[in-house]
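**Student:** Model the placement of chains B and C on the given structure of chain A, informed by the hints.
As you go down the protein sequences, you meet chains A, B and C in turn.
Going by the working numbering, the first residue of the first sequence is number 32, and it counts up by one from there.
Going by the working numbering, the first residue of the second sequence is number 32, and it counts up by one from there.
Going by the working numbering, the first residue of the third sequence is number 32, and it counts up by one from there.
In case anyone wonders, no lab produced these hints; they're calculated from the structure.
Every value quoted in this text rests on a predicted model; they were computed, and no experiment measured them.
Among the hints, a few may not be true.
[To be verified] In silico lysine-lysine, DSSO-like type, Cα no more than 30 Å apart, as pairs:
1) B:Lys-296 x C:Lys-338
2) C:Lys-126 x B:Lys-338
3) A:Lys-135 x A:Lys-52
4) C:Lys-135 x C:Lys-369
5) C:Lys-68 x B:Lys-330
6) C:Lys-296 x B:Lys-330
7) A:Lys-338 x A:Lys-155
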Amino acid sequence: MTYVRNAWYVAEWSVNVPVGKPFGTTILGEPIVIFRKPDGGLAAMANRCVHRGAPLSLGRCEADGLRCMYHGMLYNAAGCVTEIPGQDAVPPNAKVKTYPVVEKDSWVWVWMGDTVADAALVPKAIGLDDPNWLLGHGHMDYDAEAQLINDNLLDFSHLSYVHASSFQVGDSFAQEQPVVTPLDRGIRYERWTTNAAPPLGANPTLRFDNYITYDFLIPGILLMWSGGFPLGTAAKFNHGRPDFDLACNGVNFTNQAVTPLQPGKARYLFSWGPHCKHGDAILRDNMIKLAYVAFNEDKTMIEAQQKVLHRSPDFQIMPSRHDRTVLLYTRLVEKLAKQEVA
Amino acid sequence: MTYVRNAWYVAEWSVNVPVGKPFGTTILGEPIVIFRKPDGGLAAMANRCVHRGAPLSLGRCEADGLRCMYHGMLYNAAGCVTEIPGQDAVPPNAKVKTYPVVEKDSWVWVWMGDTVADAALVPKAIGLDDPNWLLGHGHMDYDAEAQLINDNLLDFSHLSYVHASSFQVGDSFAQEQPVVTPLDRGIRYERWTTNAAPPLGANPTLRFDNYITYDFLIPGILLMWSGGFPLGTAAKFNHGRPDFDLACNGVNFTNQAVTPLQPGKARYLFSWGPHCKHGDAILRDNMIKLAYVAFNEDKTMIEAQQKVLHRSPDFQIMPSRHDRTVLLYTRLVEKLAKQEVA
Amino acid sequence: MTYVRNAWYVAEWSVNVPVGKPFGTTILGEPIVIFRKPDGGLAAMANRCVHRGAPLSLGRCEADGLRCMYHGMLYNAAGCVTEIPGQDAVPPNAKVKTYPVVEKDSWVWVWMGDTVADAALVPKAIGLDDPNWLLGHGHMDYDAEAQLINDNLLDFSHLSYVHASSFQVGDSFAQEQPVVTPLDRGIRYERWTTNAAPPLGANPTLRFDNYITYDFLIPGILLMWSGGFPLGTAAKFNHGRPDFDLACNGVNFTNQAVTPLQPGKARYLFSWGPHCKHGDAILRDNMIKLAYVAFNEDKTMIEAQQKVLHRSPDFQIMPSRHDRTVLLYTRLVEKLAKQEVA
Numbered sequence: 032m033t034y035v036r037n038a039w040y041v042a043e044w045s046v047n048v049p050v051g052k053p054f055g056t057t058i059l060g061e062p063i064v065i066f067r068k069p070d071g072g073l074a075a076m077a078n079r080c081v082h083r084g085a086p087l088s089l090g091r092c093e094a095d096g097l098r099c100m101y102h103g104m105l106y107n108a109a110g111c112v113t114e115i116p117g118q119d120a121v122p123p124n125a126k127v128k129t130y131p132v133v134e135k136d137s138w139v140w141v142w143m144g145d146t147v148a149d150a151a152l153v154p155k156a157i158g159l160d161d162p163n164w165l166l167g168h169g170h171m172d173y174d175a176e177a178q179l180i181n182d183n184l185l186d187f188s189h190l191s192y193v194h195a196s197s198f199q200v201g202d203s204f205a206q207e208q209p210v211v212t213p214l215d216r217g218i219r220y221e222r223w224t225t226n227a228a229p230p231l232g233a234n235p236t237l238r239f240d241n242y243i244t245y246d247f248l249i250p251g252i253l254l255m256w257s258g259g260f261p262l263g264t265a266a267k268f269n270h271g272r273p274d275f276d277l278a279c280n281g282v283n284f285t286n287q288a289v290t291p292l293q294p295g296k297a298r299y300l301f302s303w304g305p306h307c308k309h310g311d312a313i314l315r316d317n318m319i320k321l322a323y324v325a326f327n328e329d330k331t332m333i334e335a336q337q338k339v340l341h342r343s344p345d346f347q348i349m350p351s352r353h354d355r356t357v358l359l360y361t362r363l364v365e366k367l368a369k370q371e372v373a
Numbered sequence: 032m033t034y035v036r037n038a039w040y041v042a043e044w045s046v047n048v049p050v051g052k053p054f055g056t057t058i059l060g061e062p063i064v065i066f067r068k069p070d071g072g073l074a075a076m077a078n079r080c081v082h083r084g085a086p087l088s089l090g091r092c093e094a095d096g097l098r099c100m101y102h103g104m105l106y107n108a109a110g111c112v113t114e115i116p117g118q119d120a121v122p123p124n125a126k127v128k129t130y131p132v133v134e135k136d137s138w139v140w141v142w143m144g145d146t147v148a149d150a151a152l153v154p155k156a157i158g159l160d161d162p163n164w165l166l167g168h169g170h171m172d173y174d175a176e177a178q179l180i181n182d183n184l185l186d187f188s189h190l191s192y193v194h195a196s197s198f199q200v201g202d203s204f205a206q207e208q209p210v211v212t213p214l215d216r217g218i219r220y221e222r223w224t225t226n227a228a229p230p231l232g233a234n235p236t237l238r239f240d241n242y243i244t245y246d247f248l249i250p251g252i253l254l255m256w257s258g259g260f261p262l263g264t265a266a267k268f269n270h271g272r273p274d275f276d277l278a279c280n281g282v283n284f285t286n287q288a289v290t291p292l293q294p295g296k297a298r299y300l301f302s303w304g305p306h307c308k309h310g311d312a313i314l315r316d317n318m319i320k321l322a323y324v325a326f327n328e329d330k331t332m333i334e335a336q337q338k339v340l341h342r343s344p345d346f347q348i349m350p351s352r353h354d355r356t357v358l359l360y361t362r363l364v365e366k367l368a369k370q371e372v373a
Numbered sequence: 032m033t034y035v036r037n038a039w040y041v042a043e044w045s046v047n048v049p050v051g052k053p054f055g056t057t058i059l060g061e062p063i064v065i066f067r068k069p070d071g072g073l074a075a076m077a078n079r080c081v082h083r084g085a086p087l088s089l090g091r092c093e094a095d096g097l098r099c100m101y102h103g104m105l106y107n108a109a110g111c112v113t114e115i116p117g118q119d120a121v122p123p124n125a126k127v128k129t130y131p132v133v134e135k136d137s138w139v140w141v142w143m144g145d146t147v148a149d150a151a152l153v154p155k156a157i158g159l160d161d162p163n164w165l166l167g168h169g170h171m172d173y174d175a176e177a178q179l180i181n182d183n184l185l186d187f188s189h190l191s192y193v194h195a196s197s198f199q200v201g202d203s204f205a206q207e208q209p210v211v212t213p214l215d216r217g218i219r220y221e222r223w224t225t226n227a228a229p230p231l232g233a234n235p236t237l238r239f240d241n242y243i244t245y246d247f248l249i250p251g252i253l254l255m256w257s258g259g260f261p262l263g264t265a266a267k268f269n270h271g272r273p274d275f276d277l278a279c280n281g282v283n284f285t286n287q288a289v290t291p292l293q294p295g296k297a298r299y300l301f302s303w304g305p306h307c308k309h310g311d312a313i314l315r316d317n318m319i320k321l322a323y324v325a326f327n328e329d330k331t332m333i334e335a336q337q338k339v340l341h342r343s344p345d346f347q348i349m350p351s352r353h354d355r356t357v358l359l360y361t362r363l364v365e366k367l368a369k370q371e372v373a
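One chain only, chain A, in its complex shape (with noise of 0.2 Å):
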C-alpha cells in the first residue's frame, strides 16, 4: 500500500499519553514511543534500545529522559543514550532516531517524513476542549489496511447499506452524488439531501434541507459538519456552501484520523458531539454511544473485506461512479508519494 510520509499521522489522544507512562506504537511499520518529558512537552523516538533491542515503551520516564528498564541506558529527548549503567563512557554512535511530534487539538501527532517536519501541514481539526463544540471521543484498532478504511470514509454511499439500522439510512441516500472538489491535501465532500427528515433529535415530522460536509485530508483525516437548514437554505445557496449560522438543527461535527500501524493493522480515532448551540452532554453521550455501533459496523465490514483481499491477491477492484472521490484522493497520494521518492 502507498502512503505519503512527510505528513502528520495522528498516533493517539492526547489525553492517553499521560506524564510518567511511556506512550508506544507503529505508524507506518515503524516502532515508535511517546513520552512526556518533565515539563509536560512530547518526545518521540524509536520503540527499540540500542543495546539489545528492549522496547523503550516498557521504560521509566525520569527527570532527564527515558531510562529503558531492560539494562538501564537512559536516552534524552533527542534520542541519545546519556547513561550507561556499569561503564563510564557513552559510544557517540549509541542514539536513536527520533520523530517530530506535536500536540495539537487533542492529538499527538509524528511526522514520518524524512524531511523537515512543516508545522503548517498539521491540519486544522477541532479539538475536545473547543467551547464551540461538545465533543465526545474514542477509538477502535483495525486488522486491516489503513488505505480500507481511507477508502471507506471516502465513498459515504456506505450509509446506505452499513449503516442501514444504526444510522437509519435509507437506500436513497447512495442513489445521488456528492459534489466533490479537489484540495491541496485532500478533497473536499459536499452534499444537500433536502426536504429531509431532521439529522438529529428533532421532531421527526419535521423537514429540513440537510447538509453535510466533510474535508479528507493526508494522510487520513476527516474533519466533517452537518446540520439541519430551513426549507429553501439548499437552493437559497445554490446547492453550494451555507452560512452555517443559519443552521437551525442537529449542527455536529466529528474528527476522525485513520493511522497505518503496520501492514494489515490499523487506528481509528474519532470525535463526535454537537455545536454547543445544538445540543447538551447527554446528546454527546448518545451520539459516541451511537459511533461505536456504526463503526463497529464499519469495523465488521472491512476487516471481512481485507479477509478476503488477502486470500485474493490477484482481485481488481471494479470502480463504481462513487468512487470518482477515492480515486481523486488515491492519485493525490500516488502523486505526492512520487515526489517523496524523486
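**Tutor:** Below, chains B and C alone, put in the same frame as chain A:
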C-alpha cells in the same frame, strides 16, 4: 493435497442455510456464498463482490437476489450485477462465478468442477426426514487437511485405539481385516463380528452376529449401516451382505461428509441414529451425544497428527495392511484428478 | 540461533513425567516423547509414529512399551515397532530415532548430540530431595528464543531495572561489575556487595557482606548460591570465594534451566529455596511466589524484546561493559557448535 473437482461437495446441513440469511463458506479454498431465493431455491456464487471484494455473505437477501451490503451492488442468482447505486448502467463484466448447487437428503451440495454438473453423481445419502430412520445430526470444523479425516474413515482399525473408551471397541477389532470392494466412485467396506456383544442398547449378555458396511464415496461421503443379527447369520450369508430385514438388534445408520474448506481446514458433518424399528428419539439423542464424544477423540488425534506433519514436510507414511482401503481410495482420487487435468 | 547439540538439555521436572503418562515436547525443534517403562526407567524417542505421523505422546504406556493410540503400533524402548495390529510381520525399518535420557537431580535430561552421550557432561545440579536445601520449583514457557533468556541470565545488571520492585534491587547494583571466570563448559560469576541490607528475611536494619555466585553452563543451566556474611568477610577472602559455612544469613540456592523448544519458543525451569539451616518451608514457598513475580517481569521484557527483534531483522546489538559475560558464553557456544560441525 489432491482432491477431485468434478464432484458434489457438502457445504452444510440444509437447515443451516435458512431463507433470508446468506451462508458463507470456502470449498477447496474458493470463497462461496450460498443463499435462498424467495422461492426457497438455492443459488451459490463467489463470495467476493466485484466492486471492492467485500464478502457477499454479509449481504441482504432481496426479492431480486443478493445485495452486497458494503456499497449496495445487487446480484441475481446468475451472479450478474443488476444494480449499482448511484449510476445508471452496469458494466457487462460485472459478474461473479456461480456454482451448481442442489439440496438433497438434508445437505446442500456444491459442484466444484469446471465441467457441466452431473446430477447423477450426488451420492445417495439418507435425509434427516426419512421416515425409516431417526437421525440426529452435528458438525465440527477441523484444523486439519480433509484428506487426513478421509484416511481416518477409511481405516476403522482406529476404533480399537482412538475410541477404546467411547465406543468400547477392544484391541481384537483391529486385528481382523474387513472385506473391501472397489466401487466406481469409492470403496465398500464390509465386516462381520460373530458371536459378539450387541452393538447398541440391548442386554449386554446377549450375543449376535454383528455386521457393519459402509460406502466411502468421492469426494468424502461415508454412508454406513450396521446392526446385530441372530447367531449364525454371518455363516448363512457366507460372510457376505445380509438381508437387513433379518436384523434383530440395533440397526443404525450414519451419513458423514468431509469437506476441504481450505488448505489445513476441513468441515465434518454427520448424522447418526437408529432405524425406526430399532430405537426411538431418546436413543437417537444419546447416540448423537456419544458421536460428539467419539468424534472429538478423532479431532484431537487428527489435529495433533496434522501439527506433526506440518513440522515434518519430508515425512513418508509407512502403510500397514489396514491401509489397503486407504490406498485403494487414494489411487482412485489420483486417477480421477489426473483425468480432470488431462 | 546457534546451540550446542552435544549436551544434555532439561526436558522437564521429573515429577511431571509420571509412570503411565507419556510426555511430549520438542527440543531444538525435534518432537520427542518421553515415557517411563513399568520399572520407572525412562525412554525417549521421536514423537511421531512411523505409520501416519501421529504423536506418540497421545499413546498408551503398556508393559512392553508405548502404543500409538491412532492405529495401535506398539514401540519398545529402543524405538522399534514390535506389533502392528492386523498384520503378522513388522518391517525392519519400522523404528523411530531414540535419544539418550537420564533422570538426575529431579530433572529429565535428554542428549541431543549425534555423538555418544557423555554422562559426565550432565551439569551437577541440586535435586528437590537434597536434604541440605528446601527447594520449591516452577516453570514457564516463553514465546522467545532461548538465547534471549540465556543472555538475560548472563547479565545480572538487569536486576536493577527489570526487578526494581520485585527484588528491590537499586540502581547501584548495575553500576558495579562482577568477577567473571571462564569455565570449560560455561562461565562463573561472583560478586560481593559489602555493608549491605540482608539478602532475605532478616532485620533490614542489619548489615552484611552479601555474596552471590553462579555457574552458567552449556546448554543453558544456571546454578546459583547466595548468602549474607558478617561484615568484613569480603575483605577477609580478598573479595574471592568465601567459605559458605561462615554465612550467617539467608543462604539460598537456585537451579535454572533454559531449553530451546523450537525457533522462538523456550521452556524455563527453576527451583529456589533456602539452605535448611537458613529457612523453612514457609520461606521456601514465599520465595517461589516471589520468583514467579520476578520471572514474569523477565518474561514480559524478553517476549517484548523478541517481538521487536522479529520486526527488526537487521538490528545489531550494541554491547555494554556488562555484556562481557554474555560474549564470553556466546563465543564458547559458537566454538563448541563449530567443532560439532567440523
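**Student:** Looking back at the numbered hints, which does the structure fail to meet, lowest number first?
**Tutor:** When the structure is compared with the hints, only number 7 turns out to be violated.
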